[in-house]
Amino acid sequence: QVQLQESGPGLVKPSETLSLTCTVSGGSISDYYWSWIRQPAGKGLEWIGRIYSSGYTNYNPSLRSRLSMSVDTSNNQFSLSLRSVTAADTAMYYCARRQWELDAFDIWGQGTMVTVSS
Amino acid sequence: QSVLTQPPSASGTPGQRVTISCSGSPSNIGRDTVNWYQQLPGAAPKLLIYINNQRPSGVPDRFSGSKSGASASLAISGLQSEDEADYYCAAWDDSLNGYVFGTGTKVTVL
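Protein sequence lines correspond, in order, to chains Z and P. Okay, so the first sequence: first residue is 1279 according to the numbering used here, each after it adds one. Okay, so the second sequence: first residue is 1275 according to the numbering used here, each after it adds one.
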């Protein structure tokens, strides 16, 4: 049973960098696309971007200038880095797996809340 | 920025049928498959429908999906109290080269 677990600081200061890691357990990170999705409190879902196990990435155009993702196949982890954060980046951040056959996000992490505040 | 439009709310009494629409464009729903996710209060989203109308194992058959042109819909037949949740459609958008989610619909069981 594949499981995802997000980790990282719950509080980030404005203008600093938000860094999160998603650890994949119970299966391999290889040969899948892995996405980050966020949700401000009381609002809808926003796709942030995705990374393939080879390192290939697609980013949301609205975040591309501040965003980078990386993958560590040896530790079965992938990471998100969002620079120059503001209060608008305060949200619950989820990592999720795209399953090829279903062409959908079939497994999600429980989410981690990140607040941007001084 | 949501480019898929859903009604903000829908409701029904137990046993009724509720339908949620998802309006997109030729660059997303018009040329790619649609998925639906259910988000119970305080929980992560869960895959409900994939490739327009397919249910993952464990999803009751009272949930069904359909797609026509650049729009899609989710139907819940025989509404139950545990169906109270937020529902989101999603699709790949070729113009944005990324995934887009719907604005979300809150379903209330009266």
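Hints listed in this document are in silico derivations from the structure and should not be mistaken for laboratory results. All C-beta atoms in this analysis are idealised placements derived from N, C-alpha and C, irrespective of residue type, glycine included. Honestly, I wouldn't trust all of these hints.
[As the list claims (entries may be wrong)] Here are the simulated lysine-lysine pairs, DSS-like style, with alpha carbons at most 27 Å apart: (1) P:1380 / Z:1321; (2) P:1320 / P:1380; (3) Z:1321 / Z:1291; (4) P:1380 / Z:1291.
[Stated by the list, open to error] From chain P, some residues computed to sit far from chain Z (all C-beta separations above 12 Å): (5) 1293; (6) 1299; (7) 1306; (8) 1320; (9) 1323; (10) 1325; (11) 1326; (12) 1328; (13) 1344; (14) 1354; (15) 1360; (16) 1364; (17) 1369; (18) 1378.
Hint-by-hint comparison with the structure:
1. P:1380 / Z:1321: holds, 11 Å
2. P:1320 / P:1380: Holds: residue 1320 of chain P and residue 1380 of chain P sit about 15 Å apart, inside 27 Å.
3. Z:1321 / Z:1291: With Cα atoms ~22 Å apart, residue 1321 of chain Z and residue 1291 of chain Z stay inside 27 Å; holds.
4. P:1380 / Z:1291: Roughly 33 Å between the alpha carbons, so the hint for residue 1380 of chain P and residue 1291 of chain Z is violated.
5. 1293: Holds: least Cβ distance 19 Å, greater than 12 Å.
6. 1299: holds, 16 Å
7. 1306: violated, 8 Å
8. 1320: violated, 7 Å
9. 1323: violated, 8 Å
10. 1325: At about 6 Å from chain Z, residue 1325 of chain P fails to clear the 12 Å cut-off, so the statement is violated.
11. 1326: Check fails; 10 Å does not lie beyond 12 Å.
12. 1328: violated, 8 Å
13. 1344: At roughly 18 Å from the nearest Cβ of chain Z, residue 1344 of chain P sits farther out than 12 Å, so the non-interface label holds.
14. 1354: Fine: 23 Å to the nearest Cβ keeps residue 1354 of chain P off the interface.
15. 1360: Non-interface label fails for residue 1360 of chain P: nearest chain Z Cβ at 8 Å, not farther than 12 Å.
16. 1364: violated, 8 Å
17. 1369: violated, 9 Å
18. 1378: violated, 4 Å
Hint check: violations occur at hints 4, 7, 8, 9, 10, 11, 12, 15, 16, 17 and 18; the rest are consistent with the structure.
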